[in-house]
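Asks: First residue of the sequence shown: 40, per my numbering; consecutive thereafter.
Check before you lean on any hint, since a few could be wrong.
[To be verified] For lysine to aspartate or glutamate, the following EDC-like pairs were computed, each having C-alpha atoms within a straight-line distance of at most 16 Å:
#, residue 1, residue 2
1, K66, E123
2, K238, D273
3, K238, D248
4, K268, E218
5, K66, D249
6, K238, D184
7, K238, D222
8, K268, D222
9, K238, E218
None of these hints come from the bench; they were simulated from the model.
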Amino acid sequence: MSGTITVGLDGSPESRAAAEWAAREAKLRGLPLKVLHVWEPVPEPVVQAPLLGAGTGQRWSERIPREVTEGLRLRHPGLQVTAEVLTGRPGEVLGEAGRSTELLVLGSRGLSGIGGFLVGSVGLAVVAHAECPVILVRAREQAADEHERDPVGIPSAATPYRPVVLGLDTGHLDASVIEFAFDAAARRGTGVRAVHGWKPSPYDLYGGDDVVRRETTALTEALLPWREKYPSVDVVEESRSGSPAGHLISASHEASLVVVGRRIRRSPIGAHIGPVTHAVLHHAAAPVAVVAHD
């Protein structure tokens, strides 16, 4: 893994928002940014169409990354930004890029009328196969959205960051997911809001308060080593019965970033994202980081 942040760019509003988010993240981490555009060649019969013309698509593929890169350099002085154009299927090329980058950032269209994502087939394929953390950013995402409102209620990028929301399943913990959330919070000078949603089993229906104490204790014990490793990061623990995805989506409305995990399944029938992560990807109101783990 190289010390680079890579953003996938296709010229759409959502990919441009992702590029801006990636630039801000690169500055937080002190890393260079690569703008990657994947050009999928147009089939020969379409190339021959009179209105398109040979080479039009390729020229567009070279112009868009160049313009976006120049804009990022102007808006983020001191940030090292490069552009690369590759040929192939976007899902496959971006997935392969995840093998040699620290973070992979993609754009996702906001759902009409409500906060959230509309993750296309390319985005889902990349999330399901990339080995590095993948961040999905909404089309309308702006820097101020990740910060608290100012004293008179106006969005501002000059106020403190909102907390990083961490989705945890205490039955399947992984250090890389927790580490990512605490590291992101430390870089932003904010806290971690650890959300653990659990569904009672038929046996738990008779446990009452004992079940609540068991789940709450499990969350506290899971976070104790990370509280010690990151003493400057304030931690809020929330252990609630009910839908894990629902609790995370609700918490995302007051988050700068939502961090969830994806178990790597090396199966002949393909990779999977998992129902909770899948739901959060589609409905969260903040950027979502998906961290792959064994």
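Asks: Work down the list of hints and note, for each, if the structure agrees.
Replies: Hints versus structure:
1. Straight-line distance between C-alpha atoms of K66 and E123 comes to about 20 Å, which puts the hinted pair past the 16 Å bound.
2. Distance hint between K238 and D273 is unfulfilled; the C-alpha atoms sit about 27 Å from each other, more than 16 Å.
3. The hinted pair formed by K238 and D248 meets the criterion: a straight-line CA distance of about 14 Å does not exceed 16 Å.
4. Restraint check: the Cα-Cα separation between K268 and E218 comes to about 10 Å, which is no more than 16 Å; the hinted pair holds.
5. At most 16 Å may separate the alpha-carbon atoms for a hinted pair to count; K66 and D249 exceed this at roughly 46 Å.
6. For the proposed pair K238 and D184, the alpha carbon gap of about 31 Å is over 16 Å, so the pair is violated.
7. Pair hint K238 plus D222 does not hold up; C-alpha atoms about 29 Å apart against a cutoff of 16 Å.
8. Simply put, K268 and D222 have alpha-carbon atoms about 10 Å apart, close enough for the 16 Å limit, and the pair holds.
9. Our distance criterion of 16 Å between C-alpha atoms is broken by K238 and E218, whose separation comes to about 25 Å.
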